[in-house]
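K.L.:
If you read the sequences in order, they're chains A and B.
Start counting the first sequence at 1; every next residue gets the next number (the numbering used here).
Start counting the second sequence at 1; every next residue gets the next number (the numbering used here).
Bear in mind the hints are in silico, worked out from the structure with no lab data behind them.
Just so it is clear, CB atoms sit at the ideal spot from N, CA and C, and this is done for glycine as well.
Check the hints yourself; a few may be wrong.
Stated by the list, open to error - Some residues of chain B that are not near chain A, with every Cβ distance over 12 Å (derived):
| # | residue |
| --- | --- |
| 1 | LEU12 |
| 2 | ASP19 |
| 3 | ARG20 |
| 4 | GLU22 |
| 5 | VAL60 |
| 6 | ARG63 |
| 7 | SER70 |
| 8 | LEU73 |
| 9 | GLU74 |
| 10 | GLY85 |
| 11 | LYS134 |
| 12 | GLN160 |
As the list claims (entries may be wrong) - In the SDA-like style, the derived pairs of lysine to any residue whose C-alpha atoms are separated by at most 25 Å in a straight line are:
| # | chain 1 | residue 1 | chain 2 | residue 2 |
| --- | --- | --- | --- | --- |
| 13 | B | LYS50 | A | LEU31 |
| 14 | B | LYS50 | B | LEU71 |
| 15 | B | LYS50 | A | LEU26 |
| 16 | B | LYS50 | A | THR4 |
| 17 | B | LYS9 | A | ARG35 |
| 18 | B | LYS166 | A | GLY9 |
| 19 | B | LYS9 | A | MET36 |
| 20 | B | LYS166 | A | THR4 |
| 21 | B | LYS166 | A | ASP496 |
| 22 | A | LYS19 | B | ARG15 |
| 23 | B | LYS9 | A | THR632 |
| 24 | B | LYS50 | A | GLU110 |
| 25 | A | LYS574 | B | ASP167 |
| 26 | B | LYS134 | A | LYS574 |
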Amino acid sequence: MSATYGVLGRRLRKLDGLKKATGEALYADDLHLPRMLHCKLLRSPHAHARVRKVDFTRALAHPGVVAVLEGKEIPTRYGIIPWTQDETALAVGKVRFIGDAVAAVAAVDELAAEEALSLVDVDYEPLPALVEPEDALKPGACLIHEPSKHGNVSKHVDLAFGDVDAALRNSAAAVDQEFFYAGSAHAPIEPHCALANYDADGNLTLWSSTQIAHYVHRELSRVLEIPETRIRVVQPFVGGAFGGKSDPFALEFVVAKLAMKTGRPVKCLYTREEEFWAHRGRHPMKMRFQVGLAQDGRIEAVQSKILIDGGAYSSFGLVTAYYAGQLLTGPYQFGTYHFDSTRVFTNKPPCGPKRGHGSVQPRFAFEVALDMAAEKLKLDPIDVRRRNFIGEQVRTVNGQLITSNGFLQCLDAVEKASGWKARRGKLGPGRGLGVAGSMYISGTAYPIYPNEMPQSGIQVKLDRSGRVTIFSGGSDIGQGTNSLPAYLIAEEIGCDPRDCTVVVSDTDLTPVDLGSYSSRGTFMIGIACVEAGQRLWAQLSQAVAEHWGVAPAQVDGQLGTLFVEGTDHRMSFKEAVCVAEAKFGTLGATGSYRTQKLGGDYRGGTIGASPAYSFTAHVAEVRVDTETGVWTVERVWAAHDCGRALNPTLVEGQIEGSVYMGWAEAAMEEMTYYPTGLHRGPSLLDYRIPTSVDTPELSALIVESHDPNGPHGAKEAGEGPLHPVIPAISNAIHDAVGVRLTTLPFHPGRVLELLRQKEKGAC
Amino acid sequence: MEGLPRPAKRLLELRVNGDRREVAVEPRSTLLEALRYVLGLTGSKQGCDKGDCGACTVLVDGRPHLACISLALEAAGHDITTIEGLARGGHVHPVQDAFDLCGALQCGFCQPGTMLSAAALLEENPRPSREEIKQALSGNLCRCTGYTKILEAVEVASGQRQVAEKDPRPTTGDPP
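Make a model of the complete structure from these sequences and hints.
P.N.:
Here you go:
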């Protein structure tokens with residue numbers, strides 16, 4: 001590779017951008033196979049019920065119906081976390097929420113399958129529906145999962161670091177505040193879709209809109225009871241995910257089993273309504289936060305008690321309960337810290353990991369509480385955050401290692417861009433500025449199932465034509481994981497990234513990558529790419545150096561040309577490959593990202609341990625109409641420390657998309673249910689997501705801290721930048737009109753109610 | 001519902017992307033179903049099947065139309081443009097090129113519809129203001145981008161904005 005970058009840091013096109021622009025890119029529902037059947041799932045009308053009997057007699061008689069499936073045919077429990085596997089593809093003995101999958105029908109077309117669903121006779125015995133977590137926790141409450149050692153508690157975590165009670169007592173300013181963060185949905189524009197084919201050789205292929213092909217591969221093998229060697233999972237283009245496609249889902253097992261039963265390809269496409277049943281969205285959290293500051297603004301104590309509404313199944317819930325506390329301990333130094341989080345099962349669609357998994361909710365509460373405490377001490381909100389900066393190469397109070405940290409530069413950037421010093425307090429009535437900060441992981445140090453193997457692998461093949469083929473298990477859900485290997489390998493070996501083919505996410509063809517979750521892609525796939533690229537460059541540069549009679553270290557390469565600086569030695573990348581292939585034989589290399597030993601030395605101390613953390617600061621400017629409670633965000637300035645921006649355009653896209661999604665949760669999004677557990681509006685008309693007209697102006701500001709462990713210094717950008725926008729808006733509304741929004745979403749009605757209370761108090 | 005009796009399919013001629021195609025559809029079939037499942041033009045996407053998300057947007061006589069809530073039979077006699085027909089003569093439309101250059105394509109699923117809405121806007125109004133772009137695209141939900149890069153891309157396509165750094169390598173967007 002060259003001393004200066006030819007590829008990294010540049011605003012290059014994505015490798016698959018024009019495929020997407022022209023409609024060439026094929027998503028799961030764009031795939032059709034001859035003789036393909038269409039599958040539909042019957043969903044429970046009861047929030048909680050025993051399933052006594054499923055009778056398919058009438059459904060099977062319906063014209064076009066080819067096969068049916070019920071839970072007892074595939075009864076093996078599965079789940080993303082090996083210790084909490086509590087789901088079955090279709091109900092086995094019980095349904096646990098309105099929308100839980102009960103049975104499946106495969107027919108010659110979608111309409112026939114849909115019609116046949118109404119002819120499946122299910123005998124239910126209704127049980128009490130536990131819709132609110134408090135009800136599920138009552139003594140004697142009906143058990144949602146039986147047997148259970150802990151009632152309806154899905155996971156309880158209680159971790160203390162230092163004497164937080166004493167520190168709270170001794171603090172100069174203490175805040176004790178309750179918060180509620182409403183649940184929300186991922187709402188990717190592409191609904192879940194899966195297609196299975198079971199061929200004559202007994203090999204099963206599943207194409208699925210998943211972001212975790214490797215885990216789907218493993219779980220399919222367990223549930224279908226066929227060896228992993230007989231299963232191939234392919235991820236086609238995926239139309240958005242945001243964490244909503246990171247569990248194994250019912251449709252994947254159902255189409256696979258039906259394909260095996262019928263010997264025909266079977267496809268299932270969820271309706272938009274089913275997206276809200278399958279869910280795995282943001283957990284609703286009721287939070288009590290106590291924050292104590294010393295006179296100089298240092299954070300002496302943070303204590304939280306968090307009740308997490310998990311919905312009907314575990315999903316990633318074990319991790320959620322930890323993340324609700326473990327990921328809060330930066331970018332600030334905490335003197336002492338205690339969190340107590342409890343995830344509870346309820347009879348509602350299961351919650352899971354949505355962008356910023358588990359930590360967006362407590363971040364909101366903490367950053368608002370910090371503002372409240374700073375206000376008591378009459379400290380500037382940006383200054384108090386600066387004063388508590390944790391630094392670099394330090395350990396957090398809960399034992400996580402912070403390597404690089406660009407948080408101060410993030411604060412500087414948003415302070416300057418927003419005109420904070422000159423404008424705050426001088427914007428006029430109803431207008432205000434608010435700030436918040438955050439930290440997020442760049443992947444989890446440990447894989448979900450314990451093993452000693454790499455978390456990411458890369459294989460590269462060099463062809464004597466000069467074409468470079470890269471095999472990556474990475475899962476592109478829009479963030480650019482299909483292009484990343486080409487950028488990094490091209491930089492290392494001196495080829496043009498356009499001369500790379502990246503073969504992705506196909507368990508038959510590509511090495512294992514654990515998937516797109518916990519913001520691990522750029523960091524872990526990136527390191528694997530750098531390793532593979534360096535190995536190939538060693539061969540290329542040695543062969544070319546011999547050819548020219550120079551030392552390998554003198555050979556440079558960039559964008560398709562190898563050369564020796566200051567000489568006439570130049571050859572094309574293609575020629576270099578030929579020279580190297582003549583010397584070494586067929587050229588190829590692998591690279592891996594291996595798990596480092598990280599984390600605190602206590603039970604749960606590895607959860608939240610990451611090889612690098614990203615940092616973010618936002619300033620939001622709001623305008624509040626005190627007559628109506630309607631507020632608007634004028635602009636959000638979002639500065640994010642991504643380590644190094646390997647492609648600034650893609651990093652900005654992640655920042656902007658994150659800010660949009662967080663702002664939407666503050667402004668309008670909420671999963672709401674009737675007391676029966678029925679969703680109030682499972683459609684994009686009722687569950688409103690913002691349009692181009694609604695969305696405020698966003699300014700993405702990139703900060704580069706060059707992480708010592710990241711690939712060329714890079715860290716994550718996909719999830720961290722979501723966190724601060726919500727508290728920044730709450731803090732800005734307080735700056736504007738003096739009321740504290742502590743319940744999401746910040747509906748105008750809520751704002752108005754607070755304004756009226758404030759008025760009364762003032763009278 | 002056990003389902004209504006299925007009436008016989010009807011033959012109709014669709015003019016899609018300049019081609020005249022005969023398709024047999026049930027009277028109840030939507031234009032989106034005819035395009036995706038009969039003609040194999042899968043570039044038009046189904047996001048909600050209720051007219052809420054805009055991913056199915058196609059141009060009917062040059063104007064954006066929600067194909068998932070339009071009957072195929074009604075499209076007879078009209079000129080339909082799908083995303084597959086936006087590129088001409090081996091070169092992508094300026095909107096497609098700008099979306100790629102500006103990073104407006106993340107997952108890309110909503111974008112065929114969005115790009116068609118944008119192309120229709122520029123046909124009618126070659127230099128739209130940012131507010132006019134927002135209004136024209138307000139029926140196309142995007143969940144990835146926060147819309148910023150989409151709006152910028154339309155400004156680039158209409159010659160009102162320069163990209164920060166143009167990827168210098170040739171693509172099908174460059175003139176021959």
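K.L.:
Should the label of GLY85 (chain B) as a non-interface residue stand, given a Cβ cut-off of 12 Å to chain A?
P.N.:
At about 9 Å from chain A, GLY85 (chain B) fails to clear the 12 Å cut-off, so the statement is violated.
K.L.:
Is LYS9 (chain B) close enough to ARG35 (chain A), meaning Cα to Cα at most 25 Å?
P.N.:
With Cα atoms ~20 Å apart, LYS9 (chain B) and ARG35 (chain A) stay inside 25 Å; holds.
K.L.:
Can you confirm whether the C-alpha distance between LYS50 (chain B) and GLU110 (chain A) stays at or below 25 Å?
P.N.:
holds (16 Å)
K.L.:
Do the alpha carbons of LYS9 (chain B) and MET36 (chain A) lie within 25 Å of each other, as the hint requires?
P.N.:
It holds: about 20 Å lies between the C-alpha atoms, which stays within 25 Å.
K.L.:
Does LEU12 (chain B) sit more than 12 Å from chain A, CB to CB?
P.N.:
Fine: 19 Å to the nearest Cβ keeps LEU12 (chain B) off the interface.
K.L.:
Is the Cβ of LYS134 (chain B) more than 12 Å away from each Cβ in chain A?
P.N.:
violated (5 Å)
K.L.:
Do the alpha carbons of LYS50 (chain B) and LEU26 (chain A) lie within 25 Å of each other, as the hint requires?
P.N.:
holds (22 Å)
K.L.:
Holds or violated: are the alpha carbons of LYS9 (chain B) and THR632 (chain A) at most 25 Å from each other?
P.N.:
Given pair LYS9 (chain B), THR632 (chain A) is violated - Cα atoms ~51 Å apart, limit 25 Å.
K.L.:
Can you confirm whether the C-alpha distance between LYS50 (chain B) and LEU31 (chain A) stays at or below 25 Å?
P.N.:
holds (22 Å)
K.L.:
Does the structure keep LYS134 (chain B) and LYS574 (chain A) at a Cα separation of 25 Å or less?
P.N.:
Violated, because 46 Å separates the two Cα atoms, which is more than 25 Å.
K.L.:
Quick one, are LYS19 (chain A) and ARG15 (chain B) close enough, alpha carbons at most 25 Å?
P.N.:
This hinted pair holds, its Cα atoms lying about 24 Å apart.
K.L.:
Just want to verify: ASP19 (chain B) was marked as not at the interface with chain A; is every Cβ pair farther apart than 12 Å?
P.N.:
holds (15 Å)
Hint compliance for this structure: hints 10, 11, 16, 23, 26 are broken, all remaining hints hold.
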